[in-house]
Amino acid sequence: MILLCGIPTEPPLAMVTGALEKLGAPFRVFNQRRFAVSRMILEIRDGSVTGWLEMGGEGIPLESISGIYVRLMDHSKLPEVEMLSPTAPERLDCQGVHETLIRWCEITPARIVNRLSSMASNNSKPYQAQLIRSHGFEVPETLVTNDPELVREFRAKHGRIIYKSISGVRSIVQTFQDSDFDRLNLIRWCPVQFQAYVEGVDVRVHVVDNQVFPTKVASAATDYRYARDQVGASPDLTATVLPSEVQASCVRLAQSLGLVFAGIDLRLTPDDRVFCFEVNPCPGFSYFEANTGQPIAQAVASYLAGEHA
Amino acid sequence: MWLVICEPEDLSALWAFQGLKRRGLAPLELLSPEILANSLRWEHRIDSQGARIAIKLADGRTVLGKDVCGVLNRAYNTPLPAWRHSSASDRLYVQQELFAFYLSWLHCLSCPVLNRPTPMGLAGQWRAEPEWVCLAAKAGLPTPSFRQTCFDRVNENQGQSRLIPLGAPRRTVIAVERTVADATAPKSIADGCIRLAELSATGLLAVDFIQGVAGPWTFAGATPFPDMRAGGERFLDLLARTLRRGVNV
Numbered sequence: 002m003i004l005l006c007g008i009p010t011e012p013p014l015a016m017v018t019g020a021l022e023k024l025g026a027p028f029r030v031f032n033q034r035r036f037a038v039s040r041m042i043l044e045i046r047d048g049s050v051t052g053w054l055e056m057g058g059e060g061i062p063l064e065s066i067s068g069i070y071v072r073l074m075d076h077s078k079l080p081e082v083e084m085l086s087p088t089a090p091e092r093l094d095c096q097g098v099h100e101t102l103i104r105w106c107e108i109t110p111a112r113i114v115n116r117l118s119s120m121a122s123n124n125s126k127p128y129q130a131q132l133i134r135s136h137g138f139e140v141p142e143t144l145v146t147n148d149p150e151l152v153r154e155f156r157a158k159h160g161r162i163i164y165k166s167i168s169g170v171r172s173i174v175q176t177f178q179d180s181d182f183d184r185l186n187l188i189r190w191c192p193v194q195f196q197a198y199v200e201g202v203d204v205r206v207h208v209v210d211n212q213v214f215p216t217k218v219a220s221a222a223t224d225y226r227y228a229r230d231q232v233g234a235s236p237d238l239t240a241t242v243l244p245s246e247v248q249a250s251c252v253r254l255a256q257s258l259g260l261v262f263a264g265i266d267l268r269l270t271p272d273d274r275v276f277c278f279e280v281n282p283c284p285g286f287s288y289f290e291a292n293t294g295q296p297i298a299q300a301v302a303s304y305l306a307g308e309h310a
Numbered sequence: 158m159w160l161v162i163c164e165p166e167d168l169s170a171l172w173a174f175q176g177l178k179r180r181g182l183a184p185l186e187l188l189s190p191e192i193l194a195n196s197l198r199w200e201h202r203i204d205s206q207g208a209r210i211a212i213k214l215a216d217g218r219t220v221l222g223k224d225v226c227g228v229l230n231r232a233y234n235t236p237l238p239a240w241r242h243s244s245a246s247d248r249l250y251v252q253q254e255l256f257a258f259y260l261s262w263l264h265c266l267s268c269p270v271l272n273r274p275t276p277m278g279l280a281g282q283w284r285a286e287p288e289w290v291c292l293a294a295k296a297g298l299p300t301p302s303f304r305q306t307c308f309d310r311v312n313e314n315q316g317q318s319r320l321i322p323l324g325a326p327r328r329t330v331i332a333v334e335r336t337v338a339d340a341t342a343p344k345s346i347a348d349g350c351i352r353l354a355e356l357s358a359t360g361l362l363a364v365d366f367i368q369g370v371a372g373p374w375t376f377a378g379a380t381p382f383p384d385m386r387a388g389g390e391r392f393l394d395l396l397a398r399t400l401r402r403g404v405n406v
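Listed in order, the protein sequences are those of chains L and P. The opening residue of the first sequence carries number 2 in the numbering used here; numbering runs sequentially from there. The opening residue of the second sequence carries number 158 in the numbering used here; numbering runs sequentially from there.
The hints are simulated quantities; they were obtained by calculation from the structure and are not laboratory data. The structure displayed is predicted, hence computed values, not measured ones. Errors might be hidden in some of the hints.
Over 10 Å on every C-beta distance to chain P, these chain L residues come out as not near it, computed from the model [claimed, not checked]:
1) Glu-22
2) Arg-46
3) Asp-47
4) Glu-91
5) Leu-144
6) Ser-168
7) Val-174
8) Phe-177
9) Phe-182
10) Val-202
11) Val-275
Quick list of in silico lysine-lysine cross-link-like pairs, DSBU-like style, CA-CA up to 35 Å [stated by the list, open to error]:
12) L:Lys-165 to P:Lys-213
13) P:Lys-223 to L:Lys-158
14) L:Lys-165 to P:Lys-223
15) L:Lys-217 to L:Lys-158
Pairwise CB distance ranges, derived in the manner of DEER restraints [what the hints assert, rightly or not]:
16) L:Gly-233 to P:Leu-168: 53 to 63 Å
17) P:Pro-343 to L:Gly-48: 16 to 26 Å
18) L:Gly-285 to P:Lys-178: 43 to 53 Å
19) L:Ser-77 to P:Val-370: 30 to 40 Å
20) P:Leu-356 to L:Asn-186: 46 to 56 Å
21) P:Leu-323 to L:Asp-183: 52 to 62 Å
22) P:Thr-306 to L:Val-170: 31 to 41 Å
23) P:Thr-306 to L:Leu-187: 20 to 30 Å
24) L:Pro-62 to P:Ala-245: 52 to 62 Å
Where is the CB? At the ideal position from N, CA and C, for every residue including glycine.
Go ahead and model the full structure; you've got the sequences and the hints to work with.
Next comes the structure, spelled out in structure tokens:
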């Protein structure tokens, strides 16, 4: 039995659901928004994990679940609980179900895409950059500082630089403009991350276990995810092929971070250097699959069903 | 230079600071998260040479990552003294930014750091009780049966526990880099604690035991953020020895 966790209409979850149907693999969906009709018990005896998950009156022994796809959104932001007081019984019920589920996901021997603890490296981009660099990828020259003078020197050295958040929050890459000098003193209140701009072609690489799905992204935007806002046009996505050693490095990088499924952001420079910007541990791949036809959901479904290569 | 990073009210860390001083670690600098938060200059770089950190503190001290020989890291929080009048959403954002930043600069130190920061905890990886029970069983420690349900209202962040009955006396064994500070612990327990520290990749780990269903040494929890005073002078010797390993780094 495979368990899909999240909101069923959310595109990546819906795509994996469809792929499992095609595969004929048995699955159930834990719909976060139906927490009120969900119950869960987790037990550990001599290191063996057992328990019970009940959803809408149907119960499943946890030990019968052999694969899990985790696309949980922050349960405190669910429309059913967002406006409730911190001590409202419905909120506490919601928290109890999610907390038990999350704890189980950390210790279950089932195939899991992905454990939450493995997803955490993306919460610090410079930290993750250090891990990325240790796997042979180049990373952009980076400065995190609260000193405007250092930023001026950094800009003078590199010409074009970008800035973005250090954490995964409010993370939109922006080019540093001359007008930004006027507000540069504001960084004294909180360090900011600056990077040398790297010229080249963006490639998003989805890794599923040992399979690789590279997509070339053509866009004039500094951050192609926000291309419509930044340049008024969507990026052009096409499936592409990477040298085998780069593909192998992508697989190794994902594995080292404990990620079965990852979205790796590369930029290939005109002089054949391979920069890696970050590893997304919970990629919203549906956009890429819809535009390229790459069978990413099928690969995830096959892995969950134990049919991976 | 050695660093002890801790809150001003972290008596356990202040005790360790004095103990390390008596053992001759010098210069030994005490840094609070508040002092760090008010730093005049942060300079953290990542490039083809690696990652580096330089900090100029408001009190005139300078910390260069390359000069740091060892760190007792008890930073679990990133205070926001300058942001106290901001909106809750801005404070949350800055908190996450600073956590991400501290994680990166602490990670780039090549010397011994107890504990090394992780994305799940600045002073070592935070784990919930079920994870610790599974790891402890794997480490060969006597573990009780464990049960968690969606109806539990146990807040582990506030020190509540499913493993320790209220008021039950506990014994704490501290493991530091393949050695335990408690000479009275049976060998099988000491070995299990060391194995648990290895499995959890935690250089400094405290393991709690109670008289329970699995015997006099029934596993009752573990933490990378212990009251180090439980380890006594022997613990300080081990700590000093471990932190000194960075002298030649």
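Going through the hints against the structure:
A cut-off of 10 Å between C-beta atoms confirms that Glu-22 of chain L is not in contact with chain P; the least separation is 28 Å. The beta carbon of Arg-46 of chain L sits about 5 Å from the closest Cβ of chain P, which is not more than 10 Å, so the claim that it is off the interface is violated. The claim that Asp-47 of chain L lies off the interface is violated: its Cβ sits roughly 6 Å from the closest Cβ of chain P, which falls inside the 10 Å cut-off. With 10 Å as the threshold on Cβ separation, the claim that Glu-91 of chain L sits away from chain P holds: the shortest Cβ distance comes to roughly 13 Å.
With 10 Å as the threshold on Cβ separation, the claim that Leu-144 of chain L sits away from chain P is violated: the shortest Cβ distance comes to roughly 6 Å. Interface exclusion of Ser-168 of chain L from chain P breaks down, the closest Cβ pair being 4 Å apart, not more than 10 Å. With a least beta-carbon separation of about 15 Å from chain P, Val-174 of chain L lies farther than 10 Å from that chain, consistent with its non-interface assignment. Non-interface call for Phe-177 of chain L relative to chain P: holds, since the shortest CB-CB distance, roughly 17 Å, exceeds 10 Å.
Every CB of chain P lies more than 10 Å from the CB of Phe-182 of chain L, the least distance being 18 Å, so the non-interface label holds. With 10 Å as the threshold on Cβ separation, the claim that Val-202 of chain L sits away from chain P holds: the shortest Cβ distance comes to roughly 21 Å. With a cut of 10 Å on Cβ distances, Val-275 of chain L stays outside the contact zone with chain P, its closest approach being about 14 Å. For the suggested pair Lys-165 of chain L and Lys-213 of chain P, the alpha carbons sit about 23 Å apart, so the restraint of at most 35 Å is met.
At most 35 Å may separate the alpha-carbon atoms for a hinted pair to count; Lys-223 of chain P and Lys-158 of chain L meet this at roughly 24 Å. Taking the CA atoms of Lys-165 of chain L and Lys-223 of chain P, the gap is near 27 Å; set against the 35 Å cutoff, the hint holds. Between the alpha carbons of Lys-217 of chain L and Lys-158 of chain L the distance comes to roughly 29 Å, so the proposed pair stays at or under 35 Å and holds. Separated by about 59 Å at the C-beta atoms, Gly-233 of chain L and Leu-168 of chain P satisfy the suggested range of 53 to 63 Å.
Taken as a hint, the range 16 to 26 Å holds for the pair Pro-343 of chain P and Gly-48 of chain L, whose Cβ atoms sit roughly 20 Å apart. Distance hint for Gly-285 of chain L and Lys-178 of chain P: a CB-CB separation of about 52 Å, consistent with the stated range 43 to 53 Å. Between Ser-77 of chain L and Val-370 of chain P the CB atoms are about 36 Å apart, so this pair conforms to the stated range of 30 to 40 Å. Taking the beta carbon of each, Leu-356 of chain P and Asn-186 of chain L are about 48 Å apart, inside 46 to 56 Å as hinted.
Distance hint for Leu-323 of chain P and Asp-183 of chain L: a CB-CB separation of about 59 Å, consistent with the stated range 52 to 62 Å. About 32 Å separates the C-beta atoms of Thr-306 of chain P and Val-170 of chain L, a value consistent with the hinted range of 31 to 41 Å. Separated by about 48 Å at the C-beta atoms, Thr-306 of chain P and Leu-187 of chain L break the suggested range of 20 to 30 Å. Look at Pro-62 of chain L against Ala-245 of chain P: about 42 Å separates their beta carbons, and that is not inside 52 to 62 Å.
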